[in-house]
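Using the sequences and the hints given, assemble the complete structure.
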Amino acid sequence: MYTDKVMDHFTKPRNVGEIENPDGVGEVGNASCGDIMKIFLKVDNDIITDVKFKTFGCGAAIATSSMVTEMAIGKTIDEALALSNQAVAEALDGLPAQKMHCSNLAADALHEAIKNYRETHK
Amino acid sequence: MKRIYLDNNATTPVEPAVLEVMLPFFREAFGNPSSVHWAGREVSGAIETAREKVAALINCAPAEIVFIGCGSEGDNHAIKGTCEALAAKGNHIITTTVEHPAVLETCRALEKKGFDVTYIPVDCDGAINLADLERAITDKTILISVMWANNETGNIYPIEEIGAIARKYNIRFHTDAVQAVGKLPVDVQKAGVDLLVISGHKIGAPKGVGALYIRRGTRLAQFMHGGHQERGRRAGTHNVAGIVGLGKACELAAEHLKTRAAHMRRLRDRLEQGIFAAIPEIKLNGHPDRDQRLPNTLNVSFAYIEGESLLLNLDMYGIAASSGSACTSGSLEPSHVMGAMCVEVSLAHSSTRFSLGHETREEDIDFVLQVLPETVQRLRDMSPLYDCKKQQNCSTCQTVKRL
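Here the protein sequences line up with chains Z and S, keeping their order. At position 33 of the first sequence (counting the first as 1) the number is 33 in our numbering, and the numbers step up by one without a gap. Take any residue in the second sequence, note its place counting from 1, add 122, and you have its number in our numbering.
Because the hints were derived from the structure by calculation, they are not lab data. Take these hints with a grain of salt, some might be off.
Claimed, not checked - In silico DSSO-like links for lysine-lysine, alpha-carbon gap of 27 Å or less:
{"hint": "1", "chain 1": "S", "residue 1": "K124", "chain 2": "Z", "residue 2": "K5"}
{"hint": "2", "chain 1": "S", "residue 1": "K202", "chain 2": "S", "residue 2": "K234"}
{"hint": "3", "chain 1": "S", "residue 1": "K329", "chain 2": "S", "residue 2": "K380"}
{"hint": "4", "chain 1": "S", "residue 1": "K235", "chain 2": "S", "residue 2": "K211"}
{"hint": "5", "chain 1": "Z", "residue 1": "K12", "chain 2": "S", "residue 2": "K124"}
{"hint": "6", "chain 1": "Z", "residue 1": "K12", "chain 2": "Z", "residue 2": "K52"}
Written out as C-alpha cells, the structure reads:
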C-alpha cells in the first residue's frame with residue numbers, strides 16, 4: 001500500500017525530535033484522522049538551517065513529516081512557503097488515495113512554523 | 123523473517139485435515155449435489171455429513187442448518203428475513219452499539235425502510251446492561267440481535283440471559299456467533315437462540331462458506347431467490363468443497379474445544395501480563411475479567427502512539443496484528459466499538475488487537491514481548507503527545523483536547 005520511499009522515511013525517519021530554543025514552532029492536527037504534527041525551525045539570515053519534527057499518526061503522517069524536514073532544510077523562507085503538501089507526497093512517490101487528505105499535512109505544519117517565526121521575529 | 127500470525131479474529135489458515143477432506147471435491151467428486159446421476163449422488167452425502175457435524179457442534183438438528191456463503195450473508199438473511207416475515211407483527215429491532223458491521227449496517231438499512239432500531243449502549247468495559255435491553259422491548263419488537271462475542275475486544279455477551287429474556291417476551295433472538303464458535307462452548311438449546319451465524323474461515327475452514335442455524339418453526343423470508351437448494355431456504359449451487367471443509371472444521375472444533383481454548387488462554391494471559399508488566403501507560407480495551415473475554419483475544423491501547431504505525435512496525439518483525447485506528451479501516455473514524463466504549467479518541471486510534479490461534483506457539487508470544495516494548499518506545503519518542511506533562515499548558519495537549 002505504501003511506496004518504498006514512504007516505508008524508508010517511516011522506518012528511518014529523518015530529523016526526529018525537538019530543537020531547543022527554536023526560532024519557530026508550528027503544529028497542525030486533523031480531527032477526523034487524529035494526526036498531529038509539530039515542526040520546529042532554526043532560521044539564520046532568512047535561510048532555514050534546521051528542522052525537526054514530532055508526529056503522532058500513521059505511516060503516511062510520519063513519512064511526510066520526515067520528508068518535509070529534508071525538503072525544507074537549506075531553503076529560504078519564501079521557498080519553504082512555496083512547498084505544498086502535494087509536493088511532499090510526490091517526493092515520496094505518492095500516497096494512497098485515502099491518505100492524501102488526512103495524513104498529508106506536513107507542509108501545513110511547516111508553514112505554521114514559519115508563520116510563528118515571522119510573528120516572533122518582526 | 124519470522125511469520126507470527128496474531129490476527130486469527132480476522133481469519134484463520136485452513137487446517138491441514140480440513141484441506142485434505144476438501145481436495146477430492148474439486149476434481150474427482152465434482153458433481154452438483156442437486157443432480158440425480160452418479161456425479162451428484164457422489165457428493166450429496168458429503169453435504170449431509172457436513173451438516174450433521176455443524177449441527178453437533180452447536181447442539182441442533184441437522185435440518186436446522188443452512189449452508190451460506192459468509193457470515194455477513196447469515197446476518198443479513200437472519201435480520202432482513204425476520205423483518206420481512208414478521209412485518210405484520212411489528213417493526214422494532216433491538217441490538218447493541220458494538221455489533222459487527224454486518225449487523226449494524228443491516229439495521230441502518232432497515233431504519234431507512236421504516237424499521238425502528240434500539241442500539242443498546244455498552245459501558246466503558248464494553249458490557250451491556252440487561253435491564254437496558256429488557257426496558258427497550260415494546261409490543262412492536264420482533265427481533266433481538268446480540269453478538270455472542272465481540273471481534274475487537276473479545277468480550278462475551280450474556281447470551282443465555284438474553285435468550286431467557288427473549289423467550290419471556292416471545293421475541294425472536296439472533297446472535298452473530300462468528301467469533302464464539304470454536305473458542306467457546308456454543309449450545310443453541312441452552313442459549314435459547316433462534317438464529318445463529320457461523321463463519322467457516324474463522325475456525326480453520328476456507329473463506330466463502332458459513333452456516334446459519336434456523337430453529338425449527340422460525341419463519342424467515344427467503345434471502346437468495348433461485349433454485350430449491352437447502353430445502354428452498356438458500357438458492358445457489360452448493361459450495362461442496364467449502365461445505366465439506368466447514369463440516370470437518372466443526373468436527374475438529376468440537377473434538378479439541380477444551381484443549382485449544384486452554385492453550386490459547388494460557389498464551390493470551392502470558393501476552394497480556396507481559397505487555398502490562400513491560401509497558402507503562404497502556405489501557406486494556408474490553409472486560410477486565412479475563413473470563414468475560416474470548417480466550418484468544420487481547421485488545422490494548424498504547425497512549426501517545428497511533429495504531430497503524432505500530433502495526434507497520436510489528437509487521438516489519440513479521441508480527442501480524444490489527445488495529446482500531448481510522449487509518450487501517452479505510453474510513454476516517456476510529457473503531458465504532460472503541461467509540462461505543464467511550465475510549466478517548468487518541469487511545470482509540472492506538473487500539474491494537476492480538477488474536478491468537480490454536481497454532482500460536484509459546485515462542486511467538488516471547489518474540490512479541492521481546493520487540494513490542496522497544497517498538498512502542500520508539501514511536502513514543504517520535505510523538506508530540508509523549509512526555510509533555512512537564513510543560514505547563516502544553517499546546518499539543520490543547521490540540522488533542524480540541525480533537
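Verification of the hints:
1. Of the pairs offered as hints, the one joining S:K124 and Z:K5 holds, with about 24 Å between alpha carbons and a cut-off of 27 Å not exceeded.
2. As the CA atoms of S:K202 and S:K234 are separated by approximately 13 Å, the hinted pair is consistent with the 27 Å bound.
3. Restraint check for S:K329 and S:K380: satisfied, since their Cα atoms lie roughly 24 Å apart, inside the 27 Å limit.
4. Distance hint between S:K235 and S:K211 is fulfilled; the C-alpha atoms sit about 16 Å from each other, no more than 27 Å.
5. A C-alpha spacing of about 21 Å is found between Z:K12 and S:K124, which places the hinted pair at or below 27 Å, so the restraint holds.
6. In summary, the hint linking Z:K12 to Z:K52 is supported, as the alpha carbons are separated by about 14 Å, within the 27 Å threshold.
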